[in-house]
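Undergrad: Read off the chains here:
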Amino acid sequence: MAGHPHYREAHPLIFVITHWINLICMVMLAFSGFYIHYPFFDGFMGVARGMHFVAMYVVIINLTFRIVAAFFVKTAQDLDSREVDLDIKNWLPQEKNRHQFWETVKYYLFLRKEGVISAKYGSLQKIAYLATIPLTYLQAYTGFAIYGPSMDLGFFRAGLDLVGGPMNMRVIHYLGMWVFILFTMVHAYLANIYNFAPSKLIFLWKETVPEGKH
Amino acid sequence: MAQEAHGALHDLLAVRGVTRRDFLKYCGSVAAMLGLSETMAPQIAAALEGAPKLMPALWLNGGSCTGCTESIAQVDTPDVATIVLDYLSFEYFETIMAAAGSWAEKNITKRAEEGGYILIYEGSVMTGQDGNTLFVGGGPENEGAKKGIEILEEAAKNAAAVIAVGSCAVDGGWIYGYPNASEATGVAAWLQHKGITTPVVSMPTCPVNPEWVVAMVVQLLLVADRDPAKFLQVTPMVKVPYTDAITGEKVTLLMPKAIYGQTIHDNCPRRGHFENGEFVTELGSKEEAMGYCLYKVGCKGPQTFTQCPVTRWNRRASWCVESGAPCIGCGGLNWVDNNSPFLKRMSDMRIGDTFVQPGTIGAAVGAVAAAGLVVHGIGMKAAGRIGDGPPMEEMKAYDRKRLAKKGGDK
Amino acid sequence: MARVVVDPVTRIEGHLRVEVEVTNGKVSDAWVSGTLWRGMEKVLVNRAPEDAFWVAQRICGVCPISHSHASAQSCEDALGIKIPNNARIIRNLIEAAQYLHSHILWFYTLAALDYVNPVNALSADIADTYALAQAAGTRITDFGAVAARLKAFVENGQLSIFTGHEGWFGVGAEKHPGYVLPPELDLIATAHYLEALELQAVAAEIIGIMGGKFPHQMTSIPGGTAFVPTEQKLDDILFRFTRVKEFIDTALIPDTLAIAPYILDAASFGGGCGNFLSWGVFEAEDLDPYNRYLPRGFVETSKGLTAQEVGPDDVTEDVDHSWYDVPSGLNPKEGKTVPKWEQYSTSGKYSWGKAARCKGVPAEVGPLSRMLVAYVNGRPEVKSIIDDTLAKLSAAAGAQLQPTVLVSLLGRVAARNLEAKVVADWSIEWVNELIAALKGGDSSFFVTDRADSGQGAGLWEAPRGSVGHWMTVEGGKIANYQVVAPTTWDIAPRDSKGVPGPMEQALIGTPVVDSERPLEVLRVAHSFDP
Chain A
342 MAGHPHYREA HPLIFVITHW INLICMVMLA FSGFYIHYPF FDGFMGVARG
392 MHFVAMYVVI INLTFRIVAA FFVKTAQDLD SREVDLDIKN WLPQEKNRHQ
442 FWETVKYYLF LRKEGVISAK YGSLQKIAYL ATIPLTYLQA YTGFAIYGPS
492 MDLGFFRAGL DLVGGPMNMR VIHYLGMWVF ILFTMVHAYL ANIYNFAPSK
542 LIFLWKETVP EGKH
Chain B
-18 MAQEAHGALH DLLAVRGVTR RDFLKYCGSV AAMLGLSETM APQIAAALEG
32 APKLMPALWL NGGSCTGCTE SIAQVDTPDV ATIVLDYLSF EYFETIMAAA
82 GSWAEKNITK RAEEGGYILI YEGSVMTGQD GNTLFVGGGP ENEGAKKGIE
132 ILEEAAKNAA AVIAVGSCAV DGGWIYGYPN ASEATGVAAW LQHKGITTPV
182 VSMPTCPVNP EWVVAMVVQL LLVADRDPAK FLQVTPMVKV PYTDAITGEK
232 VTLLMPKAIY GQTIHDNCPR RGHFENGEFV TELGSKEEAM GYCLYKVGCK
282 GPQTFTQCPV TRWNRRASWC VESGAPCIGC GGLNWVDNNS PFLKRMSDMR
332 IGDTFVQPGT IGAAVGAVAA AGLVVHGIGM KAAGRIGDGP PMEEMKAYDR
382 KRLAKKGGDK
Chain C
352 MARVVVDPVT RIEGHLRVEV EVTNGKVSDA WVSGTLWRGM EKVLVNRAPE
402 DAFWVAQRIC GVCPISHSHA SAQSCEDALG IKIPNNARII RNLIEAAQYL
452 HSHILWFYTL AALDYVNPVN ALSADIADTY ALAQAAGTRI TDFGAVAARL
502 KAFVENGQLS IFTGHEGWFG VGAEKHPGYV LPPELDLIAT AHYLEALELQ
552 AVAAEIIGIM GGKFPHQMTS IPGGTAFVPT EQKLDDILFR FTRVKEFIDT
602 ALIPDTLAIA PYILDAASFG GGCGNFLSWG VFEAEDLDPY NRYLPRGFVE
652 TSKGLTAQEV GPDDVTEDVD HSWYDVPSGL NPKEGKTVPK WEQYSTSGKY
702 SWGKAARCKG VPAEVGPLSR MLVAYVNGRP EVKSIIDDTL AKLSAAAGAQ
752 LQPTVLVSLL GRVAARNLEA KVVADWSIEW VNELIAALKG GDSSFFVTDR
802 ADSGQGAGLW EAPRGSVGHW MTVEGGKIAN YQVVAPTTWD IAPRDSKGVP
852 GPMEQALIGT PVVDSERPLE VLRVAHSFDP
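Chains as they are written, first to last, in my numbering: chain A, 342 to 555; chain B, -18 to 391; chain C, 352 to 881.
Hints are computed from structural coordinates only; laboratory data are not their basis.
Quick caveat, the model's predicted, so the values are computed rather than measured.
Among the hints, a few may not be true.
Distance ranges between label pairs, derived from CB positions [as the list claims (entries may be wrong)]:
| id | chain 1 | residue 1 | chain 2 | residue 2 | range |
| --- | --- | --- | --- | --- | --- |
| 1 | A | Thr405 | B | Gly353 | 27 to 37 Å |
| 2 | A | Ala532 | C | Gly826 | 33 to 43 Å |
| 3 | B | Val356 | A | Lys547 | 29 to 39 Å |
| 4 | A | Lys430 | C | Thr799 | 52 to 62 Å |
By construction, the Cβ of each residue, glycine as well, lies at the ideal position given by its N, Cα and C atoms.
The following block holds chain A by itself, in its conformation from the complex:
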């Protein structure tokens, strides 16, 4: 096994748990969402709607918790280090990310050979991860806006009127799901393209330490 070390300090247990919750809920949301969009077998609508709501509430609470925790929990600042600092610093741009955006793009387009220096997360990664936060909340908003009991509330009504009615909102909610599907595809691909060490860490909390490191 080679590459970077993957120490537990990078993803403390609490974030392994939140990541699991996220994954499970997102899968449930996508599945039940597709079912609600077009019921591809019979007898599941009530369950699907229930699942959609439960998963949505859990995801929102989980996300909110995760954001708050970022200000209190300490995580490793670099992949090859066990040194920790506040997690939130890992999310915002760091010194190592400066001037690296285009270099990262070039790297993935095979326009350069060497991997780029980065903090725990590269510039593209940070943008993608941070974007999921408002997108998740927006997805909850669009969902509430097409949900009978809440669509008439001023807060949601305003959105409906902005986009030209519930049908358009439904389309936006639906396409929003595709954005998450795309995110998940690219995320899973990039995380595991070199080896499965990241997955072992985030799912099983198992460290991978290359020879010569400790």
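Got chain A; can you put chains B and C on it based on the hints?
TA: Just chains B and C, lined up with the frame of chain A:
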């Protein structure tokens, strides 16, 4: 005073063969319609009897198919309902009035000068071809003809209130659908555009459900004592803002909440089957015979705000979903664009001149992304990055360049 | 020579303008103009072919069912769909309900006020009214109550649809000379006017039950029907058809025969172009348009009373006198819609209607056309009722009337009411046919298989006449859509050769007694049910 009027109405009803019992029964159904308790019937009756003379009304047809007039002709319990409609004295009503031509036309002008009437408008406001997509009333060689929009403006200016009946009058209806070649728009938007401040009550669906119109007429005449200001005060309204593409106006439509406050889906008799996950997958199938939910064949009930399942149509004979057809959302704004294809769950998105299903877009983007990742993965493998990852740079490219530049300077 | 204009022509669907030149008390020239353009065909392009069924019927709020059926058929023709037998019967029933609704509404609510003067009915003697009703074999109701009710209307003193237009009907010396019925007959007709308001709604309830609502139905979706009848619904339908049929038998037909002798002069004008087109309506089991209950055919009376074959390719549309910027003479299959308003001018362009032509000549459409085509084809139900009626009217006129007398204002009015009777009789048969089919275990109502490209036409008949929808589908989307509505035929302006349209020709020769109140012009215009 009230005593006198009581007598007058009583006689009027009596000669028309309506018993007091029929009358109270009707007032009860009016009460139910307005969301009031049936015990309100005597009060409504009293209000009705207190009203002195018929309120003058004009019924104008714009860019219409006459379907809303047809619909009104279907209204229930005709004896009594006709009275309430007769309670309005229609001084202009193209489809049913005896007179024609200038004999009919001059009634509009006369009444518009006198004021104190309500205007019921059916059909779109036709602004295309400089307003010439509808013209009426010219002499030989069309000398002195008026455009449809001019007649609307003339009639609306002095009206106590305007009731825009049917989706066409509300926002242009199907005619407003892309590409809206005749530049149709709605009454509220056009009047606002022309600075006419007469209040407009909007009553969509295609055509309008006659019982709702009757309910509003009763509400205006009886509950609100013919006072439009009071009418707007005592009638709970949903305020629906939208931006009209023809005039560019931001309009807030007023729609009676008792009628347009909830979705069809929420009141649908087939809702139970929806929750159970029992669906009609093919029209006219055995699932239809069992009354299953039409959601999968494109029913737009979940996003259409009308009381259709409660009021029903044609004297409560049936309604769209009961007869086996998915709702097409004719009570929504810009209903054709927002609900077609009618047999699909979601409306098409318009890209340029073509219409595409959101699902097609989603699946296409997903497939392209998946293919892209596979290709990229092959590239990563070919580049030898799999396993340990790439060799890392020693220094950021940016720093290297800067350093080189600095070095060059030296 | 004077120009007389009727605009708006009231008591019709939509917006119509009639301009005539009156010479020596007769119309010597006429220009009929459709004064509204909405752009239906453009809205449909690029949408799903099935969607046209819902949208296209909204061309007309009085005959939406026929438009919906023509649209569905154009889609089915284009995409190679053959509808199940149950769907065929259900569509026939919905169509029949609309025919009955429309014909009752036309005669009593729309046209009657051209002949019946409700103000005059006030001077009727109630006892005489009963006697007259008895003699005419028409429906007896409480005529006294109706008279009292009418009195209240009039004495109320406010304007309304009947009253306040004394100027139109006229009182005393001003009384319009065109209203010739005795007051008792006026009263009977007014009483039936009020009853008809109820019965037309009963007929529409049938559409409500089977089609979800009326106007604008929901269920005859391309592929068949979405309506699956239950025992209760079948009963509701049968009960209502029976009620409507009874009204037609006891009021509409006797009233027609009672009024006709007073307006026999209407047999001498208002005939028009003499070319009669019927696409055929009420599908038979073999789905052959020449075998429909009211069959397809084209009669040019100048060539004798025989029916020629006719099809979608025989139609062209000229726009020399219409506000469109497209070539004249196109078949709707390749038809285009590009509006371009110019000045109104009777010597130039004067209508939003295109000039539809069949085999190059103007063609009248409507009940008269259908009845003539059915008559010359020897349809027994039609032949017997026409021969029977001609015999009765011959007695009243004191001369033997030939079938050609139908080509007139009177013929057009009578044909519509006779057709109502024929259709009412069939409707009961069809309900029983449906019951038998269901009893036989046929549970197919809809077919989903379809091609995704093709070109097709749906040629059908609305109560007011021939309706054609042409649809081209490419890759599951509508590439072109054209409609030739009944009114397009009848109110057509002049064509490329300068030949006036059917209503224009019918107006020429019509007497105008009072050019201030051109009642006869209105009668001829209304007789087409535009």
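Undergrad: Confirm or reject each hint.
TA: Now the hints, each set against the structure:
1. A:Thr405 with B:Gly353: 27 to 37 Å: holds (33 Å)
2. A:Ala532 with C:Gly826: 33 to 43 Å: Holds, at about 40 Å.
3. B:Val356 with A:Lys547: 29 to 39 Å: holds (31 Å)
4. A:Lys430 with C:Thr799: 52 to 62 Å: Between Lys430 of chain A and Thr799 of chain C, where Cβ atoms are some 59 Å apart, the hint holds.
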